[in-house]
Amino acid sequence: MEILVCVKRVPDTAENEIEINSEGNDIERDDLVYSVNEWDNYAVEEAIQIVDKVGGSVTVVTVGDEESEEVLRREMAMGAQNGLLLTDDGFEGADGKGTASILAAAVKKGNYDLILTGAQADDGAAEVGGMLAAMLDYPYASLVNTIETQDGKLKVGREVEGGNQDMYEIELPCVLSIQTGINEPRYVGIRGIRKVASVEIPEYGASDLGIDASSVGGDAAKVKRMDYFMPEMGEGAEMLEGSTEEIIEKLIEYLKAKGGLK
Amino acid sequence: MDFAFTKEQLMFKKEIIRFAKKEIVPRVQEYDLNEAFDFESFRKLGDFGILGLHFPETYGGSGADVVTTVMAGEALGEAGVDGGLTLAYGAHSFLCADTILRHATEEQRQRYLPKLISGEWIGCMGLTEPDAGSDVASMKTTAEKKGDKYVLNGSKIFITNGPIADVAVVYAKTDPSQKHAGISAFIVEKGTKGFAAGAPLIKMGVRTSQTSELFFNNCEIPEENLLGKEGEGFNMSLQTVEWDRSALLAPFVGAAKYMLNSCADYARKREQFGRPIGKFQAVKHKLANIRIFAEASQSLAYKIAWCKDQGRPLNHLEAAVAKLFVGDWSIGPANDAMVVFGGYGFCHEYNMERIFRDSRLAPIGGGTSDIQKMIISKII
Ligand SMILES: Cc1cc2nc3c(=O)[nH]c(=O)nc-3n(C[C@H](O)[C@H](O)[C@H](O)COP(=O)(O)OP(=O)(O)OC[C@H]3O[C@@H](n4cnc5c(N)ncnc54)[C@H](O)[C@@H]3O)c2cc1C
Ligand SMILES: Cc1cc2nc3c(=O)[nH]c(=O)nc-3n(C[C@H](O)[C@H](O)[C@H](O)COP(=O)(O)OP(=O)(O)OC[C@H]3O[C@@H](n4cnc5c(N)ncnc54)[C@H](O)[C@@H]3O)c2cc1C
Chain W
168 MEILVCVKRV PDTAENEIEI NSEGNDIERD DLVYSVNEWD NYAVEEAIQI VDKVGGSVTV
228 VTVGDEESEE VLRREMAMGA QNGLLLTDDG FEGADGKGTA SILAAAVKKG NYDLILTGAQ
288 ADDGAAEVGG MLAAMLDYPY ASLVNTIETQ DGKLKVGREV EGGNQDMYEI ELPCVLSIQT
348 GINEPRYVGI RGIRKVASVE IPEYGASDLG IDASSVGGDA AKVKRMDYFM PEMGEGAEML
408 EGSTEEIIEK LIEYLKAKGG LK
Chain Y
115 MDFAFTKEQL MFKKEIIRFA KKEIVPRVQE YDLNEAFDFE SFRKLGDFGI LGLHFPETYG
175 GSGADVVTTV MAGEALGEAG VDGGLTLAYG AHSFLCADTI LRHATEEQRQ RYLPKLISGE
235 WIGCMGLTEP DAGSDVASMK TTAEKKGDKY VLNGSKIFIT NGPIADVAVV YAKTDPSQKH
295 AGISAFIVEK GTKGFAAGAP LIKMGVRTSQ TSELFFNNCE IPEENLLGKE GEGFNMSLQT
355 VEWDRSALLA PFVGAAKYML NSCADYARKR EQFGRPIGKF QAVKHKLANI RIFAEASQSL
415 AYKIAWCKDQ GRPLNHLEAA VAKLFVGDWS IGPANDAMVV FGGYGFCHEY NMERIFRDSR
475 LAPIGGGTSD IQKMIISKII
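Chains as they are written, first to last, in the numbering used here: chain W, 168 to 429; chain Y, 115 to 494.
Treat each hint with caution, since some may be false.
To be verified - Chain Y side only, calculated, beta carbon under 8 angstroms to chain W, not exhaustive: (1) F119; (2) E129; (3) S176; (4) V180; (5) T182; (6) D249; (7) E258; (8) G305.
Stated by the list, open to error - Subject to a maximum C-alpha distance of 30 angstroms in a straight line, what follows is the list of computed DSSO-like cross-link-like pairs (lysine-lysine): (9) Y:K383 with W:K362; (10) Y:K343 with W:K417; (11) W:K417 with Y:K307; (12) Y:K343 with Y:K393.
What the hints assert, rightly or not - According to the in silico footprint, chain Y covers these stretches of chain W (three or more CB under 8 angstroms from chain Y): (13) 236–242; (14) 360–367; (15) 393–402.
Hints in this document: simulated from the structure, not taken from any laboratory.
Since this is a predicted model, take the numbers as computed values, not measurements.
Virtual Cβ for every residue (Gly too), placed ideally from N, Cα, C.
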């Protein structure tokens, strides 16, 4: 099976103290540590496991700049065979639809049976997977947490509200957005990193993809961020402070007082 | 001269920190309180390839250079892994397995290295004795050749991983009439008749590592278990001790960065007198002290690694300077880190007091600071 996994370089929420910039329209990005979007690791792991079982190859793709090469290489060190960097000055500022259009063009250039995305990105809106499927006119399942390969189709499980599980049959080619917890993504060791250190990663710009950058980049974006802020603490919200023991004690006190604990 | 790390090294370092923060660090405090060895984390280090980083791939290692290996230790410390687990890793990989790699026969390497590198087996190294610490050459443990066997008698003390080790590299005198030249090194397996380990010693720091005595009572081992030739033991121990003074120091360097990051974060959030305590010069200077120590000790540790990668097997001066510096100069910054946290720094929950306790091994284990000064002044 030929699998394409869409991955994204995002500010690592575990490593950064996120602060608002002075204009108040974005986060302060100067000293941020970036990593691969956590959900994407699960998608790549799943793709590698499928290929280990049924053969084929895994390609990881990202829309980004030169710096994004690092995340492609990391996912290749996990075991993806190929990387693909979609980069063009004209892509800058693309909204979700723009990004999905760029990815769709890359999918059409290849010959993939299955396209995976993360269910969402740390800094995103969980929109690219669905749009990509629509643009390609492929079937789509979101929040997938199990995949079984069958002939020409897949059996996939989806998490539904309330901890219930849905099972579907879906025809290939298709797009799936992958939920965390579907597997345990592997860590990359120095051997894996060395193996892919000098592998060429092809770069495609707008003209290589046969698209007009002005139709996907920032100028074409119809969704724009207006503001960015930490919500005010609402009435009735209280941050418990102190040592863990103290916090637990206070919490139990409150729960008892309000009837949450008997 | 090139102070830059490669892209691959930086990617690996980031990955180790990610791995350690997720898989190991959440367990560290509990194991420290219980003075227990965290077998699960140790095996995870094996699965991830840390235990065999610089070993050839034929034995399951990763064939990494020494700089990358030191970087791994630093990354573990930086992520917040306790000094006990990193010491156990160091004693296992550098003091035990590395000696086997360098001096054992191919057959022995095949027998021990894959299992040590995967973490299935745990290794230790026994050099120190109750009456022979700094003065190694006065060791009393003997190994007497009888037919095709050696018979070991004597005891060792302060042996990291002693109570849990499956295999030990043990130094003993094959010629008690001689000093350094009479020392030889042997491999002794757990379960060998006449070989036993004592109960874990209760320690101030590095508490998750298990430290004990080893006892040899007419312990017979096959003659093939001699490493190298008779009388070569002292030189082997010098090579070993150098790992002690570079790769084993790296987690302390990383711990300094961990303290720095924790303190900077705390100083930003903690307010007294109407502003974050990080605004007070007294606190800023403490952070600066920690930073200075981290920078200097990092340079010293990597310098030895670099020398080794250049093919210089023994770097007595660099190793002694690094060991002494980390040992003696870490007390200030480790204390500063505790004080920045005020009363919380003194409590177990906030990690700083543990790091302070762990750091106190640095001027003792692997040769005391006095001994390093002796080496440095001799070289001058
Ligand atoms: C937690 C821990 C783990 C250890 N792990 C291992 C291990 O895995 N394997 C192993 O073999 N050993 C291990 N050791 C032992 C360690 O290497 C010794 O403790 C160390 O070498 C000092 O020896 P000693 O304790 O006998 O002290 P001593 O040698 O008795 O020293 C006592 C004091 O006298 C000073 N002194 C001694 N000689 C001189 C001199 N000539 N000039 C000036 N001052 C001097 C010392 O600096 C020290 O202050 C470990 C120790 C600890 C605490
Ligand atoms: C074991 C123990 C027993 C204790 N017993 C008692 C007790 O019985 N009763 C009681 O009331 N309290 C007790 N305390 C509390 C103790 O007095 C406080 O921990 C201490 O006063 C420091 O306050 P803090 O922990 O809030 O640290 P903080 O005040 O938050 O200080 C944090 C750091 O900021 C520095 N800092 C703060 N303000 C300034 C400034 N203006 N300029 C420069 N630096 C500054 C501090 O020096 C410190 O390094 C105890 C604490 C401990 C650890």
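Could you check if E129 (chain Y) really has its C-beta closer than 8 angstroms to a C-beta on chain W? Where the cut-off is 8 angstroms and the nearest Cβ of chain W is about 5 angstroms from E129 (chain Y), the hint holds.
Examine the region 393–402 of chain W for residues whose CB is less than 8 angstroms from any CB of chain Y, and state whether their number is three or more. violated (count 0)
Interface hint status, G305 (chain Y) versus chain W (Cβ within 8 angstroms): violated, 32 angstroms
Interface hint status, E258 (chain Y) versus chain W (Cβ within 8 angstroms): Cβ of E258 (chain Y) sits 44 angstroms from chain W, so the hint is violated.
Can S176 (chain Y) be said to touch chain W, with a Cβ gap under 8 angstroms? This interface hint holds because 5 angstroms falls under the 8 angstroms limit.
Sort out whether K362 (chain W) lies within 30 angstroms of K383 (chain Y), counting only the CA atoms. violated, 43 angstroms
Double-check D249 (chain Y) for me: the hint is only fine if its C-beta lies closer than 8 angstroms to a C-beta in chain W. With Cβ-Cβ at 39 angstroms, over 8 angstroms, it is violated.
Classify the hint on T182 (chain Y) as holds or violated, based on whether any CB of chain W lies nearer than 8 angstroms to its CB. For T182 (chain Y), the interface hint holds, since the closest Cβ of chain W sits about 6 angstroms away, which is under 8 angstroms.
Holds or violated: the hint that V180 (chain Y) contacts chain W, with Cβ atoms closer than 8 angstroms. Check failed: Cβ of V180 (chain Y) comes no nearer than 13 angstroms to chain W, outside 8 angstroms.
Have a go at the F119 (chain Y) hint: is there a Cβ in chain W nearer than 8 angstroms to its own Cβ? Violated: closest Cβ of chain W sits about 12 angstroms from F119 (chain Y), beyond 8 angstroms.
Residue count check for the region 236–242 of chain W against chain Y: does it reach three with CB-CB under 8 angstroms? holds (count 3)
Straight-line Cα separation of K417 (chain W) and K307 (chain Y) no greater than 30 angstroms? Roughly 57 angstroms separates the two Cα atoms, so the pair is violated.
Consistency with the previously given hints fails for numbers 1, 4, 6, 7, 8, 9, 10, 11, 12, 15, ordered from lowest to highest.
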